[in-house]
Amino acid sequence: MSAALPLSHAEQQQDDSRALLEDALEHAAHLLPSQPPLHAFVHHNTLHAFEDDDFDRALLKAASLYGTEPYQSEQAFAAHLAQGRIDSRDIEAVLAHAAGGARALWPDGPACAQLWRFRLCHAFETPAAETVAWMVSEGELFADVHDAVGVSARAAWLTRYPSRRRLTGALRALWQQLLAAAPASSPPRRGVRVRDALLARADVDIDEWIHPMMIRLAGAYLDQGIAQVGMPHRGAGFLAAVRTLHARPGRLCERWQGGLADIARDHAMRDLDALDTVAWALETLGIPRADWAGYVLHTLLPLKGWAGMFHQYATNPERLPVRNVPATLADFLAVLLTLETVAIGYALGQADGLAAHGTAAAVVLGMTGADAPAAAATAQARPDLGAVFEAFVVAQGLVLTAEALRDTGRARALVDAVYAFDNLTRRRLLHAAYERHYRVHVLDSLIAHQPHCRDEPARPALQAVFCMDEREESLRRHLEELHPAVQTFGYAGFFGVAMSYRGLDDVRARPLCPVVVTPRHLVEELPLDDAAHARYQQARRRRGRASNFVRTARDDALRGSGWALLVGTLKIVPLIGCSLFPRAFARVMHWLHDLGLERPHTRLRVEGSGKIDPASGLALGFTVAEMTDIVHGMLATMGLTQDFAPVVLIVGHGSSSLNNPHEAAHDCGATGGGRGGPNARAFAAMANHPEVRARLATRGIVLDDATWFVGAYHNTCDDAMSYYDTDLVPATHARALNDAREQLALACTRDAHERCRRFESAPAVLEIDDAMHHAEEHATDLGQPRPEYGHATNAVCVIGRRRSTRGLFMDRRAFLISYDPTTDPDGERLGALLAAAAPVGAGISLEYYFSYVDPRGYGCGTKLPHNITGLIGVVDGHASDLRTGLPWQMVEIHEPMRLLVVVEATPATLEHIVATRPGVATLVLNRWIQLVSVDPASGAVMVFEDGHFEPYQPHSRDLAIVESSMDHYAGHRQHLPCARVRQEVDHAV
Amino acid sequence: MLSEPLSHVAAWLVPLLVALPVAAFVAILLPPLFGRAKSEAWTYGLVRIGVVGATLLALCLAVALLTGIEVPRTVDAGRWFAVGHDVFEVRFGLDGLGLAYGSFSLLLVALAAAFSRRYLHREQGFHRFYALLVLFAAGLALVCFAGSLDMLLIGWELVGISSTLLIAFFNQRPNPVRNALRAFVTYRACDVGLVLAIVCLHVGWGDADFVRDPDGGWLVLPYREGAALGVLAAGALVFAAMGKSAQVPFSGWLPRAMEGPTPSSAIFYGALSVHLGPFLLLRCCELVQSEPWLAATLVVIGLATAGHGALVGRVQTDIKSMLAYGSVTQVGLIMAEVGLGLHLLALLHIIGHAGYRTLQILRAPSLLHDRHHLEQMLGHHVSHAADLDSDGHRWLAAPAMYRHALERGGLDALLADRFVGALLGALRRFDRCEQRCASAFARAVLRRLPRRRARAGDAVEKAHVS
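Protein sequences, first through last, are from chains X and C. Just so you know, our numbering puts 19 at position 19 of the first sequence, and the rest follows in order with no gaps. Just so you know, our numbering puts 115 at position 115 of the second sequence, and the rest follows in order with no gaps.
The following block holds chain X by itself, in its conformation from the complex:
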């Protein structure tokens, strides 16, 4: 047919379809998970693709697209109500906020708000239509007032209908009335793919054929080094490699694959590229062009993890662990659709009754054309019993009898109102109430704490800068509690040093800065003594080669047998060790590992002339001017411009654990999922640099010999601290540093103790001395799926001076960023700070939100069956879609809420920032974070709602006062309210 058309027309059409498919692919790629390979895990908003939409609307859109849950379940909210996590004031507040609540259902009838209140406070389960029908026919529904209605409503019914018989009669009458007004049940949703039609009609699921094969092929193609033999011809692209593999029919292949070889050969001969292949497949399947975009998207979604990883390979090759593989989403789709076409062809030939239809298109048309009206007609005839059931219970709850609803218009109004206030609407409001409860508590606590704010110690003994991370909140609090003369600060954990870093042991450099920043500087760790380094490397290489030999030998047939016969039985020793004495075993192994290995002293090559390294294309180190800017930027933003302590610690953080494919997810988000120690070390080196100090002095920050910066690293999993370049510390500061180390060691113990209360494996009352052991065991145990709880429970971000939160117990739930509004009159620094920190904080909080509310749809489910594949991700068990998001063991104690960002700045400053910084504006205006302003001068609190700041009135000025943090949390496992720690505040005076 196409031959009859003028050539130019055919070409034109081909170009059109290519453009169409390119758009479709771009759109689909946007909606796929954007998680990079696991070793480079960075928290990000799971629904980043929907950020241009309002939070609630985006949730609903995503829920209908992916089939996921937007909020916690109604039962979960019911439990929160029962436990007082949501109270009646929260419900009233959200009802007052919802439009249309005052409208009466009918003249003189109950108000909508009344109905809504009942539904929010009395959750009940709606049985399936069949169950309802059965309950009606058995009369069970009319035997008694429904359990969900309140005590008073029940009493009202029983007084009106004292005998059982009359009650039953009244309920039955009510049911009949509501049934008469019932809406028709909606027909079930049907997928858009031919596969869905085939499944519905012939009970054949071709996804069960093509997906296992697709997963094998995709896994083989993307593999970064698990398989000993890689897929041949990977350099030519996925589509070409698959065509080469399947160019000949296999002797032993699944039957449906029979037609694949001919097609693969034919396509290879015609030199069809990915888009042509997709177009061919869609045309063969008979999909109308108008539906192509949707068809492409819905074909990719069932394998969205793998598809997303192909896209990641194409767009972010620098994040791959080992090497670049030329993968594109178009290739993935082309292979998938080729397989689909082959499978559908086979299924049509096989399934009885379908062969007559001829083509796939006919099957689809058959589904939508012939059957659809009939199906719709039968649905029309059937009333939606679920809706009637809900209206029936609501009527009971509002004590609306059959007489009250005699007018059918009223029954209809009731049923419609109940129907409109559907599950998702209820959960949206309950979620708002849930968030409000916590928001009120935190803001009230901050306000109640205000009069007790004390200025920081005038001449601090130690200043320590930590990451903004909410896991450092407790460490800072304990440090201040133990040593009131200590002053702490919080800043994004890369400390302004955006670099690509290569440690002494690293195979290649990796970026250590927020994901949104592209590093332009390379910093390397270099040994001081080359001879010592050579010895060290030699010993390590030897050991590395030995363990690599063992590793490969075990999986080999003959060497594996030798291994089994020689040492296999002895493996019972490490088995006993890791099962029964995990911590001691880890220590022994560590000791054995370090035996005879002496790591040479090193320095970071921080300073550079601005010369570009030809290999990496990055500048080697930072120039003095750049270093000055970095140091000045951070110190000025935090307001640390004078009164320096003898020692200023810069503490980066990271986390090391076993049995944890998601290890990198516990690292520092501000360094792009890396460990922030080198950043702290580099910053300290910069701040100690004499020329930098000289230049700083001209800009108003005078650093003299009385102050020394020391970089340090905090392992948040086992609460160990390590310090860098201590040999450089002047003798005059040695004592101060020693004191600082002791103080931090003690604070770390307390921190571990506070952390352990969340682990059910630790006794509720844990001796403080056992806390470190317990934390260490979690980090080194091969059988421990919860090395730490990471960012779980994060909820607040306070940006401002520490004085407003110092002495306030915030339960490790608050990101704390030091910002001094007095040095930033025009809000420029705050703008930059928010633009960098808000996406990081929101990304973390939202990723936890989604992985918690739908652990299977958004998260990656339980860790226990996870199986690492290709060194890039995990699958469930033997084979599945690549699982993205967070595992349940990481998020199980989280409270899913949007981040509450409290900023010490005037509303005008914040409004200006929102108006000028698009990144911040998206998050704030589309309500992905909650923004609160605390006036730096007056302390007045304003909450950003509906596009403007509204004054906030505290509900209670009560704030628990405790002697110490430990008094507050001891013996508790649950989330704790804020409290003022007396000990610290009093000491600080």
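No lab work stands behind these hints: they were computed from the structure. A quick note: this is a predicted structure, and the numbers were derived from the prediction, not measured. Just so you know, even glycine gets a beta-carbon here, dropped at the ideal spot from N, CA and C. Among the clues, some could well be false.
To be verified - Footprint (simulated), chain C over chain X, 3 or more residues, beta carbon under 8 Å:
1) 207-220
2) 251-264
3) 498-511
4) 777-788
5) 870-879
As the list claims (entries may be wrong) - List time: in silico SDA-like cross-link candidates among lysine to any residue, alpha-carbon distance up to 25 Å:
6) X:K571 x C:R363
7) X:K571 x C:L56
8) C:K38 x X:F759
9) X:K61 x X:S73
10) X:K61 x X:E26
11) C:K38 x C:A27
12) C:K38 x X:A76
13) X:K304 x C:R173
14) X:K571 x C:V52
15) C:K38 x C:L165
16) X:K571 x X:V588
17) C:K38 x X:S761
18) C:K38 x X:Q75
19) X:K571 x C:H369
20) X:K571 x C:A62
21) C:K38 x X:A79
22) X:K61 x X:F421
23) X:K304 x X:E22
24) C:K38 x X:V765
25) X:K571 x C:C60
26) C:K38 x X:L580
27) C:K38 x X:Q83
28) X:K304 x C:V177
29) X:K304 x X:P212
Once you have looked at the hints, place chain C on chain X.
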């Protein structure tokens, strides 16, 4: 003098050893049956009693045997049932083979139980997991300490069912259930071999008891001259062992079995369950070796499996499948060793392989961590395929060969598509044929029925619709 009472005690230790995990299994399951939820500590306490108790008993017996204390080789704990001449005794057996494998296995189960205490903490199926684990321990003990093939069969089935249910541990997802079904069907199909062997032996020789082999000191199924059924029994036993130990062509279920929590995958498919095939054949070595061609077949099957596992394992891109094929390879070699009559070597190989493979699977989730450290030590990336288009294994990198390996030798297609598919097709045809006959018959009958009946039928149908 001393050994008399000791041996008397030892006689009762063996049944006790099997009874302990069974008792723990019952005790774990009873409270939930009556709606009482128990704490993790309670369940784990029961597991400790059941599994650690059994392990200690087994180790005691092993020590007794090693130190030369006279222990009874068979213990009759009573009669199970009798049909005509065939008497089924509840008979336990005690020998070096059973004790070596049994005590090592129970020790591994006990360690896995301790390990899983932390691993499965707070998991929904915690109690179910441990119930199945102790059931597995009971089955394993019974296999190792059975005094006859009849008793061994019970243990064999317990191992099979607990293993199937643990594959389907995450039963909310379809894949684990589907793969558990595949393992179950393979197990059941091959168990027919064991049952067939028992029937043959009973018919041919009247019993299937193990007796002490005068050379090795192990209990073995004796070969008696003059029964053609013996050959059939031996073949059936090899068939049974092939399924349990994932030999070609039944290898496909093993990687698919990696659906449960990691510790259960480690001890079932890395260590214990897969080795039961060679264990069974060691018990029945006389019978298998009585026919040279059968022993040769066993060697061929074992070597074919080893080759298959080595080939397929090289291209697997997920760590658990790779380890599963590593197991397939080693078990294949062990089978070949059994076929060659290298019994002691096979036993040592089993134990050594079980030891290191368990640890390897337990460490699998730390792969990224370990790989990172290894690369730091080596100073370069660990990668066999150095560049994308060519690598060291040229013969395997040929598309046809690679595809053969990636598709796992087409064994799944062979079994599922060709064999089971054909069977199901035949059954479906029978079904259709039967339906046609039945409806033709029904039409013929209905035509002759009085109208009243038909109306009654209509009424029922109407009520159903409304």
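Outcome of the hint check:
1. 207-220: holds (count 4)
2. 251-264: holds (count 5)
3. 498-511: holds (count 3)
4. 777-788: With 6 residues in contact (Cβ-Cβ under 8 Å with chain C), the coverage given for the region 777-788 of chain X holds.
5. 870-879: holds (count 7)
6. X:K571 x C:R363: 13 Å, holds
7. X:K571 x C:L56: The given pair, whose Cα atoms are some 19 Å apart, holds under the 25 Å limit.
8. C:K38 x X:F759: 20 Å, holds
9. X:K61 x X:S73: With a Cα-Cα distance of about 17 Å, the restraint between K61 (chain X) and S73 (chain X) holds, given a limit of 25 Å.
10. X:K61 x X:E26: 18 Å, holds
11. C:K38 x C:A27: Answer holds: K38 (chain C) to A27 (chain C) is near 11 Å, not above 25 Å.
12. C:K38 x X:A76: 23 Å, holds
13. X:K304 x C:R173: 17 Å, holds
14. X:K571 x C:V52: 19 Å, holds
15. C:K38 x C:L165: Between K38 (chain C) and L165 (chain C) the Cα gap is close to 21 Å, so the pair holds against 25 Å.
16. X:K571 x X:V588: 15 Å, holds
17. C:K38 x X:S761: 17 Å, holds
18. C:K38 x X:Q75: This hinted pair holds, its Cα atoms lying about 23 Å apart.
19. X:K571 x C:H369: 21 Å, holds
20. X:K571 x C:A62: Since the Cα atoms of K571 (chain X) and A62 (chain C) sit roughly 19 Å apart, the hinted pair holds (cutoff 25 Å).
21. C:K38 x X:A79: 22 Å, holds
22. X:K61 x X:F421: Measuring from Cα to Cα gives roughly 18 Å; hence the hint holds.
23. X:K304 x X:E22: At roughly 18 Å apart (the allowed maximum being 25 Å), E22 (chain X) and K304 (chain X) satisfy the hint.
24. C:K38 x X:V765: 22 Å, holds
25. X:K571 x C:C60: 21 Å, holds
26. C:K38 x X:L580: 24 Å, holds
27. C:K38 x X:Q83: Since the Cα atoms of K38 (chain C) and Q83 (chain X) sit roughly 23 Å apart, the hinted pair holds (cutoff 25 Å).
28. X:K304 x C:V177: Holds, at roughly 22 Å.
29. X:K304 x X:P212: Roughly 14 Å separates the two Cα atoms, so the pair holds.
Violated hints for the displayed structure: none, as all numbered hints are satisfied.
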